[in-house]
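Protein chains in written order, with our numbering: chain A, 1 to 140; chain B, 141 to 225.
Each hint should be verified, as a subset may be incorrect.
[Stated by the list, open to error] Not the full set, but computed from the structure, chain A residues with beta-carbon under 7 Å of chain B: (1) 62; (2) 65; (3) 66; (4) 67; (5) 69; (6) 70; (7) 71; (8) 73; (9) 84.
[Said to hold, decoys possible] The following label-pair restraints were derived from C-beta to C-beta distances: (10) 146/B <-> 110/A: 32 to 38 Å; (11) 200/B <-> 6/A: 41 to 47 Å; (12) 176/B <-> 105/A: 33 to 39 Å.
For the record, the hints were derived by calculation from the structure and aren't laboratory data. From a predicted model like this one, the values you see are computed outputs, not experimental measurements. Every residue gets a Cβ at the ideal spot worked out from N, C-alpha and C, and that includes glycine.
Residue-level listing of the chains:
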Amino acid sequence: MNEQRKDILDMLAEGKITPDEAERLIAALERDQPPMAASSEVRPKGKAKYLYLMVDSIDNGEPGRVNARVPLQLLRAGVQLAALIPPQALAQANAELSRSGVPFDLTQLKPEQLEALVEHLDEVTIEVDQPEAKVRVFCE
Amino acid sequence: MPQLLTVRVQRPQGRLIRIWVPVLPVVLVLSPFLILAALVAAVACLVYRVRVMRAFGTGWRLFCALPGTRFDVHEGRTAVLVSIR
Numbered sequence: 001m002n003e004q005r006k007d008i009l010d011m012l013a014e015g016k017i018t019p020d021e022a023e024r025l026i027a028a029l030e031r032d033q034p035p036m037a038a039s040s041e042v043r044p045k046g047k048a049k050y051l052y053l054m055v056d057s058i059d060n061g062e063p064g065r066v067n068a069r070v071p072l073q074l075l076r077a078g079v080q081l082a083a084l085i086p087p088q089a090l091a092q093a094n095a096e097l098s099r100s101g102v103p104f105d106l107t108q109l110k111p112e113q114l115e116a117l118v119e120h121l122d123e124v125t126i127e128v129d130q131p132e133a134k135v136r137v138f139c140e
Numbered sequence: 141m142p143q144l145l146t147v148r149v150q151r152p153q154g155r156l157i158r159i160w161v162p163v164l165p166v167v168l169v170l171s172p173f174l175i176l177a178a179l180v181a182a183v184a185c186l187v188y189r190v191r192v193m194r195a196f197g198t199g200w201r202l203f204c205a206l207p208g209t210r211f212d213v214h215e216g217r218t219a220v221l222v223s224i225r
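Go ahead and model the full structure; you've got the sequences and the hints to work with.
See the structure below:
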């Protein structure tokens, strides 16, 4: 269910809005949403297999291009390496991170969380457009 | 498991170098060194209190997940391609 539609139904259940208002809000929501089939950016549904990184840049007047394709399976296997890091190494890394102003506790990072992160990568698309460089990260 | 590693380098002078590395024969040829490296890795795991079998399992999974990896870099008239199949 759409997140905004769920919010409207929650407000209706809590009595914050009347059924008529809820109906009007849902109708407005449907009007604002473009039909999925009309979008040219819609990717085929299915499990993504690869993470793509594409960089087009111009350095000193010369065009440069980087295309990288990494299997998501490799990322999944890679995150399991986190479980192999010795505790003393994690403690040292934590100390260095806090010294650099990044108070991040690596011991709290669990392989299951990293795996969940990789699982949801297929919904991620990052696009950066700059006059001299264009970066695109996506999964397919 | 990876079968073939392809490296292609295009130099600015126009020379193109292509290298195909069949992984399995190379692994077989290097197997004595790989066994030695595995022993050293096992000792390192014991020293740093990392579970040896888990470390080897993760390493093997990483190795087996390599097929499909591809890096293609173009910079002016220079280009490098590394592909694992």
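- Message: A closest beta-carbon separation below 7 Å is what the hint needs, so does residue 84/A meet it against chain B?
- Response: Check passed: Cβ of residue 84/A comes within 5 Å of chain B, closer than 7 Å.
- Message: Holds or violated: the hint that residue 65/A contacts chain B, with Cβ atoms closer than 7 Å.
- Response: Hint on residue 65/A: holds, closest Cβ of chain B at ~4 Å, below 7 Å.
- Task: Verify the interface restraint on residue 73/A: the C-beta must sit less than 7 Å from at least one C-beta of chain B.
- Result: holds, 4 Å
- Task: So, residue 71/A near chain B? Judge it on the closest CB pair being under 7 Å.
- Result: Holds: closest Cβ of chain B sits about 4 Å from residue 71/A, inside 7 Å.
- Task: Using 7 Å as the Cβ threshold, decide whether residue 69/A counts as touching chain B.
- Result: With a closest approach of 4 Å, the residue 69/A hint holds.
- Using Cβ atoms only, decide whether residue 70/A comes closer than 7 Å to chain B, and label the hint accordingly. holds, 6 Å
- Message: Just to be careful: measuring from the Cβ of residue 66/A to every Cβ in chain B, is the smallest value less than 7 Å?
- Response: holds, 5 Å
- Do the beta carbons of residue 200/B and residue 6/A sit within 41 to 47 Å of each other? holds, 44 Å
- Once the shortest beta carbon distance from residue 67/A to chain B is found, is it less than 7 Å? With a closest approach of 4 Å, the residue 67/A hint holds.
- Query: Is it true that the C-beta distance of residue 176/B to residue 105/A lies inside 33 to 39 Å, as the hint says?
  - Reply: holds, 38 Å
- Query: Should the interface hint for residue 62/A be scored as holding, given a Cβ-Cβ cut-off of 7 Å against chain B?
  - Reply: holds, 4 Å
- Message: Given a hint of 32 to 38 Å, does the C-beta separation of residue 146/B and residue 110/A actually sit inside it?
- Response: Given a distance of about 37 Å, which is inside 32 to 38 Å, the answer is holds.
Every hint from the earlier list agrees with this structure, and none is contradicted.
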